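A.B. asks: Protein chains in written order, with the numbering used here: chain Z, 38 to 175; chain A, 38 to 175; chain B, 38 to 175.
None of these hints come from the bench; they were simulated from the model. All values reported here derive from a predicted model rather than from experimental measurement. Be aware that one or more of the hints could be misleading.
One copy or two, it doesn't matter: identical chains are merged, so the pair holds either way.
Stated by the list, open to error - Below, computed lysine-lysine pairings styled on PhoX-like, alpha-carbon distance capped at 20 angstroms:
#, residue 1, residue 2
1, K43, K111
2, K43, K166
3, K163, K111
4, K146, K43
5, K146, K39
6, K43, K163
7, K163, K39
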Amino acid sequence: MKSYRKELWLHSPARRGLINITSHVEYCLNECGIRQALLLCNAMHITASVFINDDEAGLHEDFEIWLEGLAPEKPYSRYRHNGFEDNGDAHLKRTIMGREVVVAVSEAKLDFGPWEQIFYGEFDGKRRKRVLVKIIGE
Amino acid sequence: MKSYRKELWLHSPARRGLINITSHVEYCLNECGIRQALLLCNAMHITASVFINDDEAGLHEDFEIWLEGLAPEKPYSRYRHNGFEDNGDAHLKRTIMGREVVVAVSEAKLDFGPWEQIFYGEFDGKRRKRVLVKIIGE
Amino acid sequence: MKSYRKELWLHSPARRGLINITSHVEYCLNECGIRQALLLCNAMHITASVFINDDEAGLHEDFEIWLEGLAPEKPYSRYRHNGFEDNGDAHLKRTIMGREVVVAVSEAKLDFGPWEQIFYGEFDGKRRKRVLVKIIGE
Chain Z
38 MKSYRKELWL HSPARRGLIN ITSHVEYCLN ECGIRQALLL CNAMHITASV
88 FINDDEAGLH EDFEIWLEGL APEKPYSRYR HNGFEDNGDA HLKRTIMGRE
138 VVVAVSEAKL DFGPWEQIFY GEFDGKRRKR VLVKIIGE
Chain A
38 MKSYRKELWL HSPARRGLIN ITSHVEYCLN ECGIRQALLL CNAMHITASV
88 FINDDEAGLH EDFEIWLEGL APEKPYSRYR HNGFEDNGDA HLKRTIMGRE
138 VVVAVSEAKL DFGPWEQIFY GEFDGKRRKR VLVKIIGE
Chain B
38 MKSYRKELWL HSPARRGLIN ITSHVEYCLN ECGIRQALLL CNAMHITASV
88 FINDDEAGLH EDFEIWLEGL APEKPYSRYR HNGFEDNGDA HLKRTIMGRE
138 VVVAVSEAKL DFGPWEQIFY GEFDGKRRKR VLVKIIGE
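Same shape as in the complex, but just chain Z (with noise of 0.2 angstroms):
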């Protein structure tokens, strides 16, 4: 059995935003030489995701658009979260989209459908952020 582990730091700008991964989980099955896995890839951070869907700019808006019809940012006053903070609508989003996703890797890749795409999104941004990426396998 093998193992691997890796810390991807990310970086959005705004305070929301969806980052196509998938080089960079790719990246790290090429470093560990692993053919046969379970990869896990989630956010360290309760107010990010990592999800997968396809990699198109049209349905990301759509993304955006719902889930502020489903946890609205503002007022900040709506959620009892926002005493200090003001991120309650964030934890909600990440959610909706989830923490995490797990992939099997084949002959060395990631064994994707035609259109599977990694994205980390982002709900509470403007500052570093880390996503962990774990094998196990041989």
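Fit chains A and B to the supplied structure of chain Z, relying on the hints for placement.
C.D. replies: Coordinates of chains A and B only, in the frame set by chain Z:
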């Protein structure tokens, strides 16, 4: 360490539908003989889900109505993704229901509570699509 | 390769409640001595969740209000699932919050960011229910 990989092909005749795939996943487990493991089961398409819940027809109607409320199919112009496509809603519905499940395998069985069943959730059907089963264990 | 399995028993005295189970999961990790792994922690019941977020009371109130908005408990007749049961809303709330988490284990510790804590989310309580911990690693 042992690993196993299988693609399941599914076809939902309607745009949306839920298909119980538990017996298909159990077949994979019997085929590979792995006794202690983590089993990943994920949709390979970004407008479909794999999730765990109850096999009860009333609940499945509730899911349909609830998801249509949270991310309505129409009007198609509602979504920026719907330039050349009409499946913007399907990407959002799949986000709510989830891409994947990870299931414990113990003593060569799916290690489930009394009502857990694995479902494929189709939100943009009428064509054949794939689910991946990947098992890492021994 | 090593594997480990444990059931945790939980009891929420109210219909809904969030219980921090991080220390229970850490106990499992200490008990088995596995140092590099993927750890699965999932609700064994389909009206409950396991999820990761902040241990902050205001946020937990926000979750309660938000989930009641997205999938109200009453009127019970709202849900087709509620023929012999009254927990249709609990199935939907658990879908939003998620069935499971997968956590990296590195150097025999939960490999967490600064605020990550594991919670059991009960949406149909007043009775004992189970969470499964399964670890695959070495």
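A.B. asks: Each of the hints needs a verdict: does it hold here or not?
C.D. replies: Tested hints:
In this homomeric assembly, K43 and K111 never come within 20 angstroms of each other (Cα to Cα): the closest approach is 35 angstroms inside a single copy and 42 angstroms across copies. Within a single copy, K43 and K166 get their C-alpha atoms as close as 14 angstroms, which meets the 20 angstroms cut-off; across copies the closest is 33 angstroms, which misses it. Only within a single protomer do K163 and K111 lie at most 20 angstroms apart by alpha-carbon distance; the minimum there is 18 angstroms, versus 35 angstroms between protomers. In this assembly of identical chains, the alpha carbons of K146 and K43 lie at most 20 angstroms apart whether taken from the same copy (17 angstroms) or from different copies (15 angstroms).
Taking the shortest Cα distances, K146 and K39 sit within 20 angstroms of each other both inside one copy (16 angstroms) and across copies (17 angstroms). For a Cα distance limit of 20 angstroms, the shortest separation of K43 from K163 qualifies neither inside one copy, at 22 angstroms, nor across copies, at 40 angstroms. Taking the shortest alpha-carbon separations for K163 and K39, neither the intra-copy value of 36 angstroms nor the inter-copy value of 41 angstroms comes in at or below 20 angstroms.
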